[in-house]
Amino acid sequence: MDRFELRLQDYSLSEDQESVRDAFSQFFAKECPSTVVRAAEPLGYDKQLWHRLVDMGVTSMSLPAALGGDEATLVDLTLIAEELGRTVAPVPFISHVVATRLLAAAGTDAELIQAAVAGDRPFAVALQPLRPGEAQLVPDAAVAGDVIALEADALVLTSADKASPHLLNQGSTPLGWWQPPAGAGRIVLAEGTTALALHARAVREWKLLTAAALIGMTEAALALAVEFAKTRETMGVPIGSLQGVAFPLADVAIGVSGGRNVIWRAAWMAENEPGVRPELVPIAYANATRVATHGTTTSAHMQGGLGFTIEADASLYFLRAKGWSVLGGDPNLDLITVGDAVLASAAR
Amino acid sequence: MDFSRLELTADQQQFASEVRAFLDALVTEDVHEEERRTGSGFNEHVHLALGERGWIMPTWPVEDGGAGLDPVRKRILDIELSRSRVPHITAGTTGLVWTAIERYADPGLLEDLRRKVASGHVRFCLGYSEPDGGSDVAAAKVRAVRDGDEWVLNGSKIFTTSAQNSQYTFLITRTDPDLPKHKGLTMFLVPLSAPGVEIQPIRTYGGERTNVVYYGDARIADLYRVGAMNDGWSVLHGPLDAEHSLGGESTGLDDLSIGRNFLRPLERALDAAAGWAGSARRADGSVVADDATVRLRLGKIAMDLEVGISTPGPMGRVAGSEALVRGGADLIDMVGPAALLSHDAEGTVAGGTIDYAHRFAQGTTTYGGTVEVFRNMIAQHVLGLPQMNLPGRRVFLVPRRAEQTAGARV
Numbered sequence: 001m002d003r004f005e006l007r008l009q010d011y012s013l014s015e016d017q018e019s020v021r022d023a024f025s026q027f028f029a030k031e032c033p034s035t036v037v038r039a040a041e042p043l044g045y046d047k048q049l050w051h052r053l054v055d056m057g058v059t060s061m062s063l064p065a066a067l068g069g070d071e072a073t074l075v076d077l078t079l080i081a082e083e084l085g086r087t088v089a090p091v092p093f094i095s096h097v098v099a100t101r102l103l104a105a106a107g108t109d110a111e112l113i114q115a116a117v118a119g120d121r122p123f124a125v126a127l128q129p130l131r132p133g134e135a136q137l138v139p140d141a142a143v144a145g146d147v148i149a150l151e152a153d154a155l156v157l158t159s160a161d162k163a164s165p166h167l168l169n170q171g172s173t174p175l176g177w178w179q180p181p182a183g184a185g186r187i188v189l190a191e192g193t194t195a196l197a198l199h200a201r202a203v204r205e206w207k208l209l210t211a212a213a214l215i216g217m218t219e220a221a222l223a224l225a226v227e228f229a230k231t232r233e234t235m236g237v238p239i240g241s242l243q244g245v246a247f248p249l250a251d252v253a254i255g256v257s258g259g260r261n262v263i264w265r266a267a268w269m270a271e272n273e274p275g276v277r278p279e280l281v282p283i284a285y286a287n288a289t290r291v292a293t294h295g296t297t298t299s300a301h302m303q304g305g306l307g308f309t310i311e312a313d314a315s316l317y318f319l320r321a322k323g324w325s326v327l328g329g330d331p332n333l334d335l336i337t338v339g340d341a342v343l344a345s346a347a348r
Numbered sequence: 001m002d003f004s005r006l007e008l009t010a011d012q013q014q015f016a017s018e019v020r021a022f023l024d025a026l027v028t029e030d031v032h033e034e035e036r037r038t039g040s041g042f043n044e045h046v047h048l049a050l051g052e053r054g055w056i057m058p059t060w061p062v063e064d065g066g067a068g069l070d071p072v073r074k075r076i077l078d079i080e081l082s083r084s085r086v087p088h089i090t091a092g093t094t095g096l097v098w099t100a101i102e103r104y105a106d107p108g109l110l111e112d113l114r115r116k117v118a119s120g121h122v123r124f125c126l127g128y129s130e131p132d133g134g135s136d137v138a139a140a141k142v143r144a145v146r147d148g149d150e151w152v153l154n155g156s157k158i159f160t161t162s163a164q165n166s167q168y169t170f171l172i173t174r175t176d177p178d179l180p181k182h183k184g185l186t187m188f189l190v191p192l193s194a195p196g197v198e199i200q201p202i203r204t205y206g207g208e209r210t211n212v213v214y215y216g217d218a219r220i221a222d223l224y225r226v227g228a229m230n231d232g233w234s235v236l237h238g239p240l241d242a243e244h245s246l247g248g249e250s251t252g253l254d255d256l257s258i259g260r261n262f263l264r265p266l267e268r269a270l271d272a273a274a275g276w277a278g279s280a281r282r283a284d285g286s287v288v289a290d291d292a293t294v295r296l297r298l299g300k301i302a303m304d305l306e307v308g309i310s311t312p313g314p315m316g317r318v319a320g321s322e323a324l325v326r327g328g329a330d331l332i333d334m335v336g337p338a339a340l341l342s343h344d345a346e347g348t349v350a351g352g353t354i355d356y357a358h359r360f361a362q363g364t365t366t367y368g369g370t371v372e373v374f375r376n377m378i379a380q381h382v383l384g385l386p387q388m389n390l391p392g393r394r395v396f397l398v399p400r401r402a403e404q405t406a407g408a409r410v
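Chains as they are written, first to last, in the numbering used here: chain A, 1 to 348; chain B, 1 to 410.
There's no promise every hint is true.
[What the hints assert, rightly or not] Pairwise CB distance ranges, derived in the manner of DEER restraints:
| # | chain 1 | residue 1 | chain 2 | residue 2 | range |
| --- | --- | --- | --- | --- | --- |
| 1 | A | 15 | B | 337 | 51 to 59 angstroms |
| 2 | B | 281 | A | 237 | 35 to 43 angstroms |
| 3 | A | 332 | B | 28 | 40 to 48 angstroms |
| 4 | A | 275 | B | 70 | 27 to 35 angstroms |
| 5 | B | 291 | A | 51 | 37 to 45 angstroms |
| 6 | B | 191 | A | 344 | 14 to 22 angstroms |
| 7 | B | 336 | A | 332 | 39 to 47 angstroms |
| 8 | B | 230 | A | 332 | 35 to 43 angstroms |
| 9 | B | 290 | A | 71 | 50 to 58 angstroms |
| 10 | A | 329 | B | 282 | 46 to 54 angstroms |
| 11 | B | 7 | A | 35 | 45 to 53 angstroms |
| 12 | A | 15 | B | 150 | 55 to 63 angstroms |
| 13 | A | 35 | B | 395 | 22 to 30 angstroms |
In short, the hints are calculated from the structure, not lab data. The beta carbon of each residue, even a glycine, is placed where N, CA and C say it ideally should be.
Start from the sequences, fold in the hints, and give me the full structure.
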């Protein structure tokens, strides 16, 4: 890798991107206050909110124009995911959009894609390759009867009447054990190296969007802690004036600002020059999991005992920092692949 | 948003090749060897050669001694200078000072200095920190007292890096101890050749040379005052903000923060460790690079690097510096005792690159404003947290220790 390569370093959003971000920021702020998040627990799915989000066009916007999409980019999707994370909205946006894009990339017939775009039936993706006879925990499997999985070297969409039973879990997400149910409809979407490549791409996209959601979640948790630190007093001064409080919060802000930008750079590269610097996606994801764990922990802690209560909204963020991120597996495994990229580059 | 490769025109391509060839010939192994030995951050032959091309102040018009470079050519030059590892500290401080004096210094003095700065014959250093206080620049105690058309300077400055390479220091002085802290300061461009100015070297374990500069009844003409008397804080703010990489809009061409510079030694150390791991063997005969703990740690450092590159402004300054501190230390552990060997020692790993990164890292958390100063800025200006009400925030206080020893020194 040429570390002195002349590349633009332009992290600015276009006017269109700013409008997308603002529109979804307003949407989630209005439609998804913490009361909605709490009401959707423990399943972590608010059907009405999901339908309102589908009405905003999220299921089709990143599809090619030929499929009725607006050709929105991965960067645009990360903007939406970040706003969704800010309110920890209980909707299967990430799974569903990644699955829909996967159907489109596999050249699935238009009718099926339109069914996914309609959003009446949430779709999910099994992130790990399937092992025969073994179930795996699939994000959103408790609300999605339609799951795309890699079975040996075939990418298969399995459509069941019913979703998997929901499992109570730390992050209150629609997590379920999943394996292809007997008698369910099966469509082979792709085979061989194409299937492997398509699945790998879907996993990358899931990680990118989840990373963005984690950054939004962390920034929202930080905002709660900052507000608390401005007004809560100890020994006659606001606790936020004390460096023992201010500095850890500054560290969260540092993590959020770099975390967001590295996601944008990874998303931009994946969109425009896939195959160049592919390690940026695992970097962005592993970093976001670190930022979210550290940021939501710190933000809760700065609110003392109150931040440890379920009543405090800080708890919503803390519980989802792991609840959303670990669905993609151990981020250290992602970092090992990054290490391999460093080794390969040094060997050249 | 755009991270694409810069599409260079044929002319720009030609310029890039020219710059690289020029620097390859100029920044020789002898230059690197001298820098390792002296830690001077400067090589006069190199500096003057760059000045001859107009590349000290590359965006200045040619008639002022610059090269009239457009932003793309400026970026090409910057990145090639970085690649060449040219000793650049003195050039850096010179640029920072010029930003301030250009607005406030005597016009005749400026005219006299402009071409000499551009040609490389005149260099500047920063006279901010004092032995009694580091990060709190506005607490400066060096006294300047007016005597007719002259000023008499007394006191000392520390960490005046590049003083030995410079003709002038940009000095912050106290001209009225009775005024509120920030109101009693005045800036000067002090000729270092003035009688009464004495430069003493200090060495760091990062390899750098810096200095203490003593001012004992040093007399300078009023011509060298920069800005109005007691208005020093406003004069200082330009270069201080530039040094803190605050303010300016991103051009989309340049790095997001000064933290980028701190990541360069980490890149070299990471690549050196990865190269080593690919061929080195454990006692059991296995290749180090096959060890998952090694692959994980290389990946973590690469993550810190990329995140650092993408972290803006004051946040990036902290992220970059601390990534270097963490990464350098872990790479030493990974490689083991061979990582500690000096550049010329037998069996050294990549010429002591990792050893250097670990030592160099420690200064980066302090100079140019400590990471704590930056965390304060982030807490107050980014997060809007309240400022602590400290006794010396607005009032000029002489540190207690200094009060006790003041008699002895003066």
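Comparing the hints with the structure gives:
no. : hint                              : verdict
1   : A:15 - B:337: 51 to 59 angstroms  : holds (57 angstroms)
2   : B:281 - A:237: 35 to 43 angstroms : violated (58 angstroms)
3   : A:332 - B:28: 40 to 48 angstroms  : holds (43 angstroms)
4   : A:275 - B:70: 27 to 35 angstroms  : holds (32 angstroms)
5   : B:291 - A:51: 37 to 45 angstroms  : violated (51 angstroms)
6   : B:191 - A:344: 14 to 22 angstroms : violated (55 angstroms)
7   : B:336 - A:332: 39 to 47 angstroms : violated (22 angstroms)
8   : B:230 - A:332: 35 to 43 angstroms : violated (57 angstroms)
9   : B:290 - A:71: 50 to 58 angstroms  : violated (43 angstroms)
10  : A:329 - B:282: 46 to 54 angstroms : violated (28 angstroms)
11  : B:7 - A:35: 45 to 53 angstroms    : holds (51 angstroms)
12  : A:15 - B:150: 55 to 63 angstroms  : holds (58 angstroms)
13  : A:35 - B:395: 22 to 30 angstroms  : violated (49 angstroms)
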